[in-house]
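Starting from the structure of chain A, add chain B where the hints point.
Read off the chains here:
2 protein chains.
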Amino acid sequence: SNNGNPSESQSPAADPEDPQKCPPVVTDIGALNCSSLNVESFIEQSIAIIMEDVVKKATDVTEKVCEWRSPEQLKELLDLELTDGGESESKILQHCRDAIRYSIKTTHPRFFNQLYAGMEPYSMVASFITEALKPSLYTYEVAPVFTLIEDAVLRKMMEMIGWEEGGDGIFNAGGSMSNMYAVNLARYHHYPHIKELGLSAAPRLVIFTSRECHYSISKAAALLGVGTKNVYVVPSDNSTNSLYPVPFMVNATAGTTVLGAFDPIEEIADICEKYNLWLHVDACWGGAALMSQKHKHLLKGIHRANSVAWNPHKMLMACLQCSAFLVRDKTHLLQRCHSAQASYLFQQDKFYDVSYDTGDKSVQCSRKPDAFKFWLMWKALGTRELEQRVDRALAMARYLAQEVEKREGFRLLMDPEYANVCFWYIPPSLRNLSDGPEFWKKLHTVAPVIKERMMKKGSMMVGYQPHGDKANFFRMIIISPQVSKQDMDFVLDEIHNLGKDL
Amino acid sequence: SNNGNPSESQSPAADPEDPQKCPPVVTDIGALNCSSLNVESFIEQSIAIIMEDVVKKATDVTEKVCEWRSPEQLKELLDLELTDGGESESKILQHCRDAIRYSIKTTHPRFFNQLYAGMEPYSMVASFITEALKPSLYTYEVAPVFTLIEDAVLRKMMEMIGWEEGGDGIFNAGGSMSNMYAVNLARYHHYPHIKELGLSAAPRLVIFTSRECHYSISKAAALLGVGTKNVYVVPSDNSTNSLYPVPFMVNATAGTTVLGAFDPIEEIADICEKYNLWLHVDACWGGAALMSQKHKHLLKGIHRANSVAWNPHKMLMACLQCSAFLVRDKTHLLQRCHSAQASYLFQQDKFYDVSYDTGDKSVQCSRKPDAFKFWLMWKALGTRELEQRVDRALAMARYLAQEVEKREGFRLLMDPEYANVCFWYIPPSLRNLSDGPEFWKKLHTVAPVIKERMMKKGSMMVGYQPHGDKANFFRMIIISPQVSKQDMDFVLDEIHNLGKDL
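Chain order of the listed sequences is A and B.
For the first sequence, the UniProt record's numbering begins at 1 and goes up steadily by one.
For the second sequence, the UniProt record's numbering begins at 1 and goes up steadily by one.
Chain A extracted, bound-state conformation:
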């Protein structure tokens, strides 16, 4: 190990040339005060805290989901300041406990606030391994294991999509990055010269998407110089506001963020084929349905997509982040589009097959081996258990929707297609109002207050939002197999208890 115990490392008799005992004191080139830390003991103590406070406590339904503090209160509690001198081991361990204590327990069975939730032990362990090993996925030389594992996972995901002849792909730092890659690839496919010459050499390009698409399409349009106004929403808005735009891509969403809705991929693919448009399917959230014989019809036609974004860190519960971008192309488009051929990293005179150096497919330089998290859990669970989990989550969502319909004071926004259950809670004081603007205006203020009370009580976390012209409503997301019907009933009871006086 790299550090000795305190007595060894502080002893003047320690061999200054033995790097295994402590950072050697090389007096002629600048002395380094040898840290008194016993590394192994510190890590073991930290891990004991993680086991107790995260693995056990943060997944225990009888514990709180969050211990809410305002930013001002939390700043006081955390002692954030960074100073010249270091702090003791016991203080550092206390910082670890505090960071955990005041963090949201996204692994708690009653965290329903985002498109991810729950504790998945295999991917968590995989994360620990890669955090400790510090690989970076640019060359086979530096990350042989994770290069091959990424390739294996991508191939299996392409098989689920139905690309019988394979394709290409890469894991990215989140689904927004994958959607951005799609825009860039679609553009490069149609206008390869843009890479060198920029958009000043191109006509005005436009992207078609459905209204419910994720905001990352808009962010990509801004970043890539396409412009947010050149993202055209169909079918409700098919006007063009100036002459001669050239469409190059259609974005279809499989599992929208708020409603969990699915665009009709087959019909969109027909249009894309007819007009030679790149079809990207943002299946970051809905891709998991491909695991299910029962539900994969939601993505019917996805094998016709040119590219797919699919995040196993959402419904499939791999640790954050785990986001795949998949391309049907087999002409190295991904590499050609993104490559910069850095000669210090991608030497061509290496002694192994440099096609295993995948780094130039990415716009990142160092990149994390996120595929390993998904690989290890897939190995452990098998496709069948992943399928059962998806089926169970969607069944649970339907159970919740039925309960919402049964209960007085709850109103369903729409039947769930997927794992999003959107509904309003109407407090008794509003139940006799007629369904007009006054009613909706008042109802709009209800969810934020219930959310505030929920956070301060710490009993659960459910998101709310307005949507288009719809007043604030709750969006329940059901993912984890750790969640029971009991938890569904609890959510409705709790919302009623928190909001019945409003």
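Hints listed in this document are in silico derivations from the structure and should not be mistaken for laboratory results.
Watch out, some of these pointers could steer you wrong.
One copy or two, either will do: identical chains are not told apart, so a pair holds if it fits within one copy or between any two.
Said to hold, decoys possible - Restricting the straight-line Cα-Cα distance to at most 16 Å, the calculated cross-link-like pairs of lysine to aspartate or glutamate (EDC-like) are:
{"#": "1", "residue 1": "K330", "residue 2": "E165"}
{"#": "2", "residue 1": "K470", "residue 2": "D349"}
{"#": "3", "residue 1": "K156", "residue 2": "D84"}
{"#": "4", "residue 1": "K229", "residue 2": "E452"}
{"#": "5", "residue 1": "K156", "residue 2": "E81"}
{"#": "6", "residue 1": "K64", "residue 2": "D98"}
{"#": "7", "residue 1": "K350", "residue 2": "E452"}
{"#": "8", "residue 1": "K441", "residue 2": "D349"}
{"#": "9", "residue 1": "K156", "residue 2": "D79"}
{"#": "10", "residue 1": "K294", "residue 2": "D353"}
{"#": "11", "residue 1": "K75", "residue 2": "D151"}
{"#": "12", "residue 1": "K500", "residue 2": "E266"}
{"#": "13", "residue 1": "K442", "residue 2": "D349"}
{"#": "14", "residue 1": "K229", "residue 2": "E196"}
{"#": "15", "residue 1": "K75", "residue 2": "D353"}
{"#": "16", "residue 1": "K56", "residue 2": "E40"}
{"#": "17", "residue 1": "K57", "residue 2": "E40"}
{"#": "18", "residue 1": "K300", "residue 2": "E417"}
{"#": "19", "residue 1": "K64", "residue 2": "E164"}
Okay, now just chain B, sitting in the frame of chain A:
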């Protein structure tokens, strides 16, 4: 905890409504086979493997840096296939051992191959905590602790840069992303309409940079629609190849990737001020010198930059990834440039101060709390120990350079300004050749062979590359305080031993 032991969880008498025992069997909405995994025991066993095989073995100088296998061999060894059925706990644990065994030990004292190296226990523990907690940094609501910690770290980094009045910033998925942010902000600052209208509404824009800049500037130019040919290298290439380009940004590099060279920031800042150009300093690698009273002169003038990229995961050894992007602007430029105002995430009627919801500053949606890794180690070590480590690494680099100059058969490329030591090894058979094209052609083939032998032996890892018109040379990177003069001597001895017959 969320899973019981095997006997409980498989027992038909288990309470199907108790989510704490096992994933409940809810027969009317789809049964889920209860996994027999004892979660805590599995995690404990995995952590024991990490402690033994990574924390201890992968930092032990007497162990190998790598156990080289070709892609074909490694595919056989790893059993990569994903199947319908799951695998046993013991098989999964064996996969963990194998993944570690065949991975490169980047934490080993003799890994000198990249701009990161070494084991840093505090940031590793911080990584474990956040991997287990799964926070995502978009809203204060979901990541209160890490939102405040990111802010505290960014503020301290700005203080080191010398921005007395503060600024703004964000941690990104690597330095390439930070450089991309710089290009986008510079563009938005000069031409805010591009965000909406795209580049078809803009003149041809160009970026100035020095030749030694990182390839991410080129990747950013391609992705953002600027075009790689609109990246102009100064001063050696100041011709323009068509009329009316409009410069909007200068990229200066503080610590180049290969040579570790520093652009003269002060002089470049003078020019940027005169012509109203955005000055970005890519200090991903060299930023650490700001910690050192002795070496911070290398970045003199950096306080005049509009933006800075600085990766604590490089010289400062925070776990991968830890990459800050800092902006001097205090008019919410970062937010205005990148915002998409998603109403489902960034609700304006929340009960707390929504200026703490930092997610819309990012082009990502989910984003990892990388700042925590740096914060915890900074807390533990204090600024002074970070300074000593930088000073020591640079002293060690100078020691190595001196040794290179002393030894027969070694030739230094240039005096190191920073922690990169670039040199040729000339085998005895070439030492009598005169310094002409034939010599360099032969020398060019030497480093790749030595590298192959080094990898197959597993004794150390040092990178090589050609550079401009320079034949392949070695680039040693010295970072970790675990590295001794003994290790420096070993590197030169080993290169000679591996290459003396060539």
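Hint-by-hint comparison with the structure:
1. K330 to E165: within (9 Å within a copy, 51 Å between copies)
2. K470 to D349: So K470 and D349 pass the 16 Å test across copies only (15 Å; inside, 60 Å).
3. K156 to D84: Only across copies: K156 and D84 sit 11 Å apart there, 50 Å inside one copy, limit 16 Å.
4. K229 to E452: neither (35 Å within a copy, 52 Å between copies)
5. K156 to E81: Result: close only across copies, 8 Å inter versus 47 Å intra.
6. K64 to D98: within (15 Å within a copy, 38 Å between copies)
7. K350 to E452: between (58 Å within a copy, 8 Å between copies)
8. K441 to D349: Answer is between; shortest inter-copy Cα gap is 13 Å, intra-copy 68 Å.
9. K156 to D79: Answer is between: at 14 Å across copies they meet the 16 Å cutoff, but 46 Å inside does not.
10. K294 to D353: neither (42 Å within a copy, 44 Å between copies)
11. K75 to D151: between (43 Å within a copy, 11 Å between copies)
12. K500 to E266: Neither, since 45 Å and 64 Å both go past 16 Å.
13. K442 to D349: between (69 Å within a copy, 14 Å between copies)
14. K229 to E196: Intra 24 Å, inter 5 Å, cutoff 16 Å: inter-copy only.
15. K75 to D353: Between. Shortest inter-copy distance 14 Å satisfies the 16 Å Cα cut-off; intra-copy 52 Å does not.
16. K56 to E40: between (22 Å within a copy, 8 Å between copies)
17. K57 to E40: Answer is between: at 12 Å across copies they meet the 16 Å cutoff, but 24 Å inside does not.
18. K300 to E417: This pair counts as within: shortest intra-copy Cα distance 14 Å, inter-copy 58 Å.
19. K64 to E164: Neither way: K64 and E164 sit 47 Å apart in one copy and 41 Å across, limit 16 Å.
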